[in-house]
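Chemist: Residue strings, one per chain:
2 protein chains.
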Amino acid sequence: MTRTTHQHQRFLSDLFPQGDCLFRPEELLVFGMDASRLDARPMAVVRPREARQIAELLQYAQTERIPVYPRARATNVVGACVPADPRRTGTQEPQGIVVSTLLMDSIIDISPDDFVAVVQPGVITRDLQQNVERQGLFYPPDPASLNISTIGGNVATCAGGMRALKYGVTREYVLGMEAALPGGRMLRTGGRCHKNVVGLDLVRLMTGSEGTLGIMTEITLKLLPLPEATASLLAGFSGMEQAVQAIRNVFRAGMLPAALEFMGPETLDCLALRRTPPWPGNVRAALLFRLDGTSGALKAERRRLESVLQSDADCTPVWQAAGSGPQEEEPLWEIRRGINPASYLAAPDKISDDVTVPRGMLLPALTDIAATGRKHGLTILTFGHVGDGNIHVNIMHDKSLPGVREKAVAAKKEIMNTVLSMGGTLSGEHGVGLTKAPYIDNQLSPVERQLMAGIKASFDPEGIMNPGKAY
Amino acid sequence: MTRTTHQHQRFLSDLFPQGDCLFRPEELLVFGMDASRLDARPMAVVRPREARQIAELLQYAQTERIPVYPRARATNVVGACVPADPRRTGTQEPQGIVVSTLLMDSIIDISPDDFVAVVQPGVITRDLQQNVERQGLFYPPDPASLNISTIGGNVATCAGGMRALKYGVTREYVLGMEAALPGGRMLRTGGRCHKNVVGLDLVRLMTGSEGTLGIMTEITLKLLPLPEATASLLAGFSGMEQAVQAIRNVFRAGMLPAALEFMGPETLDCLALRRTPPWPGNVRAALLFRLDGTSGALKAERRRLESVLQSDADCTPVWQAAGSGPQEEEPLWEIRRGINPASYLAAPDKISDDVTVPRGMLLPALTDIAATGRKHGLTILTFGHVGDGNIHVNIMHDKSLPGVREKAVAAKKEIMNTVLSMGGTLSGEHGVGLTKAPYIDNQLSPVERQLMAGIKASFDPEGIMNPGKAY
Chain Y
2 MTRTTHQHQR FLSDLFPQGD CLFRPEELLV FGMDASRLDA RPMAVVRPRE ARQIAELLQY
62 AQTERIPVYP RARATNVVGA CVPADPRRTG TQEPQGIVVS TLLMDSIIDI SPDDFVAVVQ
122 PGVITRDLQQ NVERQGLFYP PDPASLNIST IGGNVATCAG GMRALKYGVT REYVLGMEAA
182 LPGGRMLRTG GRCHKNVVGL DLVRLMTGSE GTLGIMTEIT LKLLPLPEAT ASLLAGFSGM
242 EQAVQAIRNV FRAGMLPAAL EFMGPETLDC LALRRTPPWP GNVRAALLFR LDGTSGALKA
302 ERRRLESVLQ SDADCTPVWQ AAGSGPQEEE PLWEIRRGIN PASYLAAPDK ISDDVTVPRG
362 MLLPALTDIA ATGRKHGLTI LTFGHVGDGN IHVNIMHDKS LPGVREKAVA AKKEIMNTVL
422 SMGGTLSGEH GVGLTKAPYI DNQLSPVERQ LMAGIKASFD PEGIMNPGKA Y
Chain B
2 MTRTTHQHQR FLSDLFPQGD CLFRPEELLV FGMDASRLDA RPMAVVRPRE ARQIAELLQY
62 AQTERIPVYP RARATNVVGA CVPADPRRTG TQEPQGIVVS TLLMDSIIDI SPDDFVAVVQ
122 PGVITRDLQQ NVERQGLFYP PDPASLNIST IGGNVATCAG GMRALKYGVT REYVLGMEAA
182 LPGGRMLRTG GRCHKNVVGL DLVRLMTGSE GTLGIMTEIT LKLLPLPEAT ASLLAGFSGM
242 EQAVQAIRNV FRAGMLPAAL EFMGPETLDC LALRRTPPWP GNVRAALLFR LDGTSGALKA
302 ERRRLESVLQ SDADCTPVWQ AAGSGPQEEE PLWEIRRGIN PASYLAAPDK ISDDVTVPRG
362 MLLPALTDIA ATGRKHGLTI LTFGHVGDGN IHVNIMHDKS LPGVREKAVA AKKEIMNTVL
422 SMGGTLSGEH GVGLTKAPYI DNQLSPVERQ LMAGIKASFD PEGIMNPGKA Y
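Chains as they are written, first to last, in our numbering: chain Y, 2 to 472; chain B, 2 to 472.
It is worth saying that the hints were derived from the structure and are not from the lab.
A few of these clues could be false.
All copies of an identical chain are treated as equivalent in the list; a pair is satisfied when it fits inside any one copy or across any two copies.
Said to hold, decoys possible - Once the Cα atoms are required to be at most 30 Å apart in a straight line, the calculated DSSO-like pairs of lysine-lysine come out as: (1) 414 / 351; (2) 167 / 300; (3) 167 / 408; (4) 167 / 223; (5) 400 / 376; (6) 414 / 223; (7) 351 / 376; (8) 223 / 300; (9) 223 / 408; (10) 408 / 351; (11) 400 / 300.
Please construct the entire structure, taking both the sequences and the accompanying hints into account.
Modeler: See the structure below:
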């Protein structure tokens, strides 16, 4: 049923004229992979320029029962953009149509009166942020990929980021959307109101659904007033325990920083491989804070944060603080962004996870993950948005060495089990995609799966939307 | 099918022993009304003490196709707790079983490490807030009813409140829940993690579903660090236009107050009927701000707010500000809380709405509502959470006078239409319930209704949960 026929090709070429429909193997290759490095070959790639085309495609695809795989910049690290359904084993046939939303990349409206932005799904998150900031407005969600990922992808995965601690995740900023659904129905739900409780919450149901319900064609986002100033502060600690205690002290002082990033001992070691670190050798864990607010308030807030951190005798003194102004702060965040490139100096291959635990389980989780690394003789980096209990785990390994890939996979499984036994979740930000799908029955109950299947069926009765992903 | 038989009575009495099952007319009367003042007579009221009883009830009710109406303190103003299904016309038969969650009122856990609270649905919101605040924690959602309404009801309606501007609505604080579903299935979804993107978002789907999908038996809520201090400030303006301009100025300065309440001219007049107002006669609109944060930051923030407000020559000078400390601030908020009692000095009857418009449509909406009042010769109070575009509308009238009720209803309809034509929503906080159900097809599209019906069916295939409500 998913083999490309001439009829299919003709339909697609008519609907997506002038090079907006791709069939050549080298083109299909490009659109078959995402940042998970998994790949599969689709039967075609289409690049719609307007919502109507997507609706017509989804009408046809439902009738023909052709799988449809939406995609934008494909920065997804769990394979959610890969055009493959692992449940269809034994087939090497190309498995469906990839829909790239990259030609739908207009910022339709930025309203300083309504505090909303209306965008097409292919808009790069950073572009939106820069545009709204020029008008004194603020779109807080800041996934690490924001320079290259799109709003459509951010909404499809309910992306988090560093500022989620104070400002919440993408879900909190989606006010409305237009989406094409299988069968060609157009869903318009929510709107420009900051509050709305009429009917079931379809807006937040679509958010984080990983392309399994429909394809968003327009998204209305909530904006905030742009904080006048920001300040950043990096503090070093003698160990993970001391760093976690410092987090507690900050919260206990009634402070909720805009960002609170953690770097564990293995991560600091890795950063030192790339560049002489600015911290003394006794620093074995670090916290990177960002505060924001009006200028006067921010000064007081920064003094308060410094005094809270310095009040703890167990703390290595605060070693560096950058004042207000993005330029002054940049060197600190450059360190944080250096983790990914530095990680490959430890080993050439990586299994990357973004487990999340209840905040109080942070230290036990970090300790357990480090022990798992030692047990398998692998460097496992831990860092990330600890204010949310969200730990990025990089299992570094060299898969060219015999037995090492197996050890890395075993370590991943152990970490998943540890996290779930602590009341944690397999993913705080990345989603399930293909790579975590084998584990979700350890987290989701049969009742949850049954309800999700029922919901899916009311959006997508033939199961054509991104099949085999997520749930 | 919903007539009480002896068999029904025996089943219910066995499952809810020792006075936890009520059949007497005078008891049924009490549990048949909510704050909408609508009422209906159920065939029985049950008061479960544990989740298992609710699951068994919902198994039985599904088999017997008996409607089930969940309820806690029934502060709902749109009839969502009234045991009636208006689609079943012509029957005077009692229509189902009311489930009161008031005996399930335990705070199960407050964790200063995880920053979560786990509660049963019958816990009063204020009780939870006071308990968490004693431990330096903060549960921001503060619907006006918080002294008497429950967490279960707050989650079922996705309650808002004054602090929603900075902190978001109830949805943003629900991390996990346990719920009994029709057929007796138990749903446990989400948990204690502050971030979680595994599977479709059932937690937020249940939030705001007005009791139409199942009955929550346990709720896990996100907590924040308690801000060290708060300050409040009341500013008077010569008119609505000047007040709305002041809101713009505050946002433009990069400030996001914890609360920003508006009181229109008719509301100020009404307050003056009850008590000599503290503002001069030329004040025709007022804004009430609350700021919060660490003490030092708050002082700077307050100075900044005062300077922003005073910088506008059109503004009547700021006339009263209360410093940090709840006691000092209380008189200002006492004025805000006085609106409801004062309203009845204008007229004995009220139609109360909570429409919401895109923030930029605030002034046109307020102006239109005032014109509607003048046209019908009715006093219409406008006040509320204008930072969110959420306007509380009280259509005051005396229904004992000939033709007046009809005028009030006509005014309501006109306001609904005005709001929808501005891209607004019929409800920002209260929900749809019975009273707004006749209007929802003006807001929701057939595709949305179809999807909601499909979702409903996967939770509640026989349609026994709070039938006739919401969507």
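Chemist: Using 30 Å as the alpha carbon limit, work out where residue 167 and residue 408 are close: within a copy, between copies, both or neither.
Modeler: This pair counts as neither: shortest intra-copy Cα distance 37 Å, inter-copy 46 Å.
Chemist: Is the C-alpha distance from residue 167 to residue 223 at most 30 Å within one copy, between copies, in both cases, or in neither?
Modeler: both (15 Å within a copy, 13 Å between copies)
Chemist: Can you tell me if residue 414 and residue 351 fall within 30 Å by alpha carbon in one copy, between copies, both or neither?
Modeler: Cα proximity of residue 414 and residue 351: one copy only (14 Å, versus 61 Å across).
Chemist: At most 30 Å between CA atoms: does that hold for residue 400 and residue 376 within a copy, between copies, both, or neither?
Modeler: Only inside one copy: residue 400 and residue 376 sit 17 Å apart there, 78 Å across copies, limit 30 Å.
Chemist: Check residue 223 against residue 408 for me: Cα-Cα at most 30 Å, and say if that holds within a copy, between copies, both or neither.
Modeler: Neither: 44 Å inside a copy, 36 Å across copies.
Chemist: Regarding residue 223 and residue 300, is the shortest C-alpha distance of 30 Å or less found within a copy, between copies, in both, or in neither?
Modeler: Both. Shortest intra-copy (28 Å) and inter-copy (28 Å) distances satisfy the 30 Å Cα cut-off.
Chemist: When no copy is specified for residue 167 and residue 300, does a C-alpha distance of 30 Å or less occur within a copy, between copies, both, or neither?
Modeler: Classified as both; 18 Å inside a copy, 21 Å across copies.
Chemist: If the cutoff is 30 Å on CA atoms, where do residue 400 and residue 300 land: within, between, both or neither? Let me know, please.
Modeler: neither (49 Å within a copy, 57 Å between copies)
Chemist: At most 30 Å between CA atoms: does that hold for residue 351 and residue 376 within a copy, between copies, both, or neither?
Modeler: Classified as within: same-chain Cα gap 17 Å, cross-chain 70 Å, threshold 30 Å.
Chemist: How would you label the pair residue 414, residue 223 (within, between, both, or neither) given a Cα cut-off of 30 Å?
Modeler: This pair counts as between: shortest inter-copy Cα distance 28 Å, intra-copy 38 Å.
Chemist: What label fits residue 408 with residue 351 when the C-alpha limit is 30 Å: within, between, both, or neither?
Modeler: Only inside one copy: residue 408 and residue 351 sit 12 Å apart there, 70 Å across copies, limit 30 Å.
Going through the hint list in order, the structure does not satisfy hints 3, 9 and 11.
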